[in-house]
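Novice: Chain by chain, the residues:
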Amino acid sequence: MELVKPEFGLIFWMCISFGIILWILGKFAWKPILKMLSDRENSIQDALDSAERAKEEMKALQAGNEKILAEARHERDLMLKDAREIREKMISDAKGIAATEGERMLKSARENIQNEKMAAITDLKNQVGVLSLEIAEKILKSELASDEKQKALVNTLLKDVNLN
Amino acid sequence: MNTRFFAMTNKINIYKHFLLLISVFFSFAAFSQEENKSETAKPKKFDAGELIIGHITDSHEWHVAGHIVLPLPVILYSSDKGLTMFSSSHLEEGEAYNGFKLIKNHIVAVNAEGTTDEAATAKLWDISITKNVASMFVSILLMLWMFTSTAKAYKNNPGKAPKGMQSLLEPLIIFVRDDIAKSAIGEKKYKKYLPFLLTVFFFIWINNLMGLVPFLPGGANLTGNIAVGMTLAIIVFLITIVTANWNYWRHIIAMPGVPIGVLVILTPIEIFGMFLKPMVLMIRLFANMLAGHIIALSFFCLIFIFAEMNTGLGYGVAVFSVAFTIFMGMLELLVAFLQAYVFTLLAAMYFGSAIEEHHHEEAHH
Chain Z
1 MELVKPEFGL IFWMCISFGI ILWILGKFAW KPILKMLSDR ENSIQDALDS
51 AERAKEEMKA LQAGNEKILA EARHERDLML KDAREIREKM ISDAKGIAAT
101 EGERMLKSAR ENIQNEKMAA ITDLKNQVGV LSLEIAEKIL KSELASDEKQ
151 KALVNTLLKD VNLN
Chain Y
1001 MNTRFFAMTN KINIYKHFLL LISVFFSFAA FSQEENKSET AKPKKFDAGE
1051 LIIGHITDSH EWHVAGHIVL PLPVILYSSD KGLTMFSSSH LEEGEAYNGF
1101 KLIKNHIVAV NAEGTTDEAA TAKLWDISIT KNVASMFVSI LLMLWMFTST
1151 AKAYKNNPGK APKGMQSLLE PLIIFVRDDI AKSAIGEKKY KKYLPFLLTV
1201 FFFIWINNLM GLVPFLPGGA NLTGNIAVGM TLAIIVFLIT IVTANWNYWR
1251 HIIAMPGVPI GVLVILTPIE IFGMFLKPMV LMIRLFANML AGHIIALSFF
1301 CLIFIFAEMN TGLGYGVAVF SVAFTIFMGM LELLVAFLQA YVFTLLAAMY
1351 FGSAIEEHHH EEAHH
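Taken in order, these protein sequences are the chains called Z and Y. Heads up, the first sequence is in the numbering used here, so the first residue is 1 and it goes up one at a time. Heads up, the second sequence is in the numbering used here, so the first residue is 1001 and it goes up one at a time.
Don't read these hints as lab results, they were simulated from the structure. Don't take every hint at face value.
Chain Y side only, calculated, beta carbon under 10 Å to chain Z, not exhaustive [as the list claims (entries may be wrong)]:
id	residue
1	Lys-1045
2	Glu-1061
3	Ser-1128
4	Met-1143
5	Asp-1179
6	Asn-1225
7	Ile-1235
8	Phe-1237
In silico DSBU-like pairs for lysine-lysine, Cα to Cα no more than 30 Å straight-line [claimed, not checked]:
id	chain 1	residue 1	chain 2	residue 2
9	Z	Lys-141	Z	Lys-125
10	Z	Lys-35	Y	Lys-1192
11	Y	Lys-1163	Y	Lys-1152
12	Y	Lys-1182	Z	Lys-31
13	Z	Lys-35	Y	Lys-1123
14	Y	Lys-1182	Y	Lys-1152
15	Z	Lys-27	Y	Lys-1163
16	Y	Lys-1188	Z	Lys-35
17	Z	Lys-5	Y	Lys-1081
18	Y	Lys-1277	Z	Lys-27
19	Z	Lys-27	Y	Lys-1152
20	Z	Lys-55	Y	Lys-1160
For each residue, glycine too, the CB sits at the ideal point set by N, CA and C.
Make the full structure from the sequences, and use the hints.
Specialist: This is the structure we're talking about:
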């Protein structure tokens, strides 16, 4: 019977002691301990989070770098392509210009030649005329040198004329 | 909390009725009495029952070893005589001192002729520093030292890894916080109950462990004393009903969605259950710790029982007894922790159920 009979004295001291220890520990032990624990947990969590964030940033940075590199590569390709195009265009332009210039030069040369030729021909014609005149003069001179010859010519001419 | 409790206990009749109610719960009591009778009836030199009962019950003096006894202060209050205080060394069994007498470990008031004065005894309040109370004070001082020094260690190196005592207590504190309070009460409201749960957990655990220490600062069967379990259970009960929300009361008084006919049966069961929960807490702690002490002592008593028959037999049995006591001691170390854990967990679950929100309840039923 004694075992299951709560004694008043023990209950009394238990209430007082438990009340005191609950109050003291609550105020001076649990509060700072729990605060420190949660602070530390938070700081660990923060550290982990920031590490994770740094990793993400690193990844983003790397991705950015790669992107920039790719862009640069692309740009370089574009530039090379442009340069090639420009070069080709320049060459083709130059070729075109050269061709037209040559054409033009050929044409003017041909014109010149034609002109020269014409001038030469005209000159030749003139000279041939002069020469022919000189020859005719000389022939006339020699043909009409005597009276008989002049008489013969008149006769001939007269013979040809029909007196109708 | 305490004032409410004292208001109740001040009325002597209610207190006595309450005792009666509690004693009805224990068929155990009758058994232990019978045991005592049969033991004392035989003219034996060694009485195992008396020895065990003497060790597991409270006493006004602290038995150290052999005939060395540490006297403890006796404090008595009665409305007639006021406060009386004297050393327990004056109270030899059966001798009157200052109008008081120690009969079967209980102090009674005696009149001038030396016979028990029933009327004066009924008005006598014994608030002596008994073995259990002294042991509790030691444990409380130990706890204060442990936890204030730990708190100081936390303050002195904030954000650093724990050292020494800190690293012993930190996992336990985190265990109580995360696995008991957070899981049973919930993330939102556990903080309010956490100081109480931590204090109860360490109070029970440390006192359980001290009860296992066989020499002076330990050895008292404090947590195996029903008064301690009862006080803790009543505190848990009061916290539960004080912090309980409307949802809790509604489920006890009239479970929603249950027809009236069933409520007639269910409501008394729910109300009984409300009181049964702390009762279970008390009985579990008390019975477990008491049983551990009784078993350990029984093994030792076996040695002397057999030694009475034959000295050689006593030595032979001693080997097995000591081996078994060591085994039981190991088991009790586990039980000491387990009971502290179970008590705290159940208390947390009662708190959790008292503040449960509506939608949780619906999922429950």
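Novice: Work down the list of hints and note, for each, if the structure agrees.
Specialist: Quick rundown of the hints versus the structure:
1. For Y:Lys-1045, the interface hint is violated, the least distance from its beta-carbon to any beta-carbon of chain Z being 23 Å, above 10 Å.
2. With a cut of 10 Å, the hint placing Y:Glu-1061 at the interface with chain Z is violated, because the nearest CB-to-CB distance is about 14 Å.
3. The closest approach between the C-beta of Y:Ser-1128 and any C-beta of chain Z is roughly 6 Å, which is under the 10 Å cut-off, so the hint is satisfied.
4. Annotation: Y:Met-1143 was flagged as interfacial toward chain Z, and the flag holds, the nearest CB pair being 6 Å apart, inside 10 Å.
5. Violation of the interface hint for Y:Asp-1179 is found here, the shortest Cβ-Cβ separation to chain Z being roughly 14 Å, above the 10 Å cut-off.
6. Because the smallest distance between the Cβ of Y:Asn-1225 and any Cβ of chain Z comes to about 6 Å, under 10 Å, the interface hint for this residue holds.
7. Here the hint on Y:Ile-1235 is kept, as its CB sits about 7 Å from the closest CB of chain Z, short of 10 Å.
8. For Y:Phe-1237, the shortest C-beta to C-beta distance to chain Z is roughly 14 Å, which exceeds 10 Å, and the interface hint is violated.
9. Restraint check: the Cα-Cα separation between Z:Lys-141 and Z:Lys-125 comes to about 24 Å, which is no more than 30 Å; the hinted pair holds.
10. For the suggested pair Z:Lys-35 and Y:Lys-1192, the alpha carbons sit about 14 Å apart, so the restraint of at most 30 Å is met.
11. With a C-alpha separation of about 12 Å, the suggested pairing of Y:Lys-1163 with Y:Lys-1152 holds against the 30 Å cut-off.
12. This hinted pair checks out: Y:Lys-1182 and Z:Lys-31 have alpha carbons roughly 16 Å apart, not beyond 30 Å.
13. Distance restraint check for Z:Lys-35 and Y:Lys-1123: the Cα-Cα separation of roughly 48 Å exceeds the 30 Å cut-off, and the hinted pair is therefore not satisfied.
14. Proposed proximity of Y:Lys-1182 and Y:Lys-1152 is supported: the alpha carbons are some 25 Å apart, at most 30 Å.
15. A hinted pair counts as satisfied when its Cα atoms are at most 30 Å apart, and Z:Lys-27 with Y:Lys-1163 qualifies at roughly 22 Å.
16. Restraint check: the Cα-Cα separation between Y:Lys-1188 and Z:Lys-35 comes to about 16 Å, which is no more than 30 Å; the hinted pair holds.
17. With a C-alpha separation of about 25 Å, the suggested pair Z:Lys-5 and Y:Lys-1081 falls inside the 30 Å cut-off, and the hint holds.
18. Distance check on the hinted pair: Y:Lys-1277 and Z:Lys-27 sit about 29 Å apart at the alpha-carbon level, within 30 Å; holds.
19. For a cut-off of 30 Å, the pair hint linking Z:Lys-27 to Y:Lys-1152 stands: about 13 Å separates their Cα positions.
20. With a CA separation close to 25 Å, the supplied pair Z:Lys-55 and Y:Lys-1160 stays within the 30 Å bound.
Comparing the model with each earlier hint shows violations of hints 1, 2, 5, 8 and 13; every other hint is respected.
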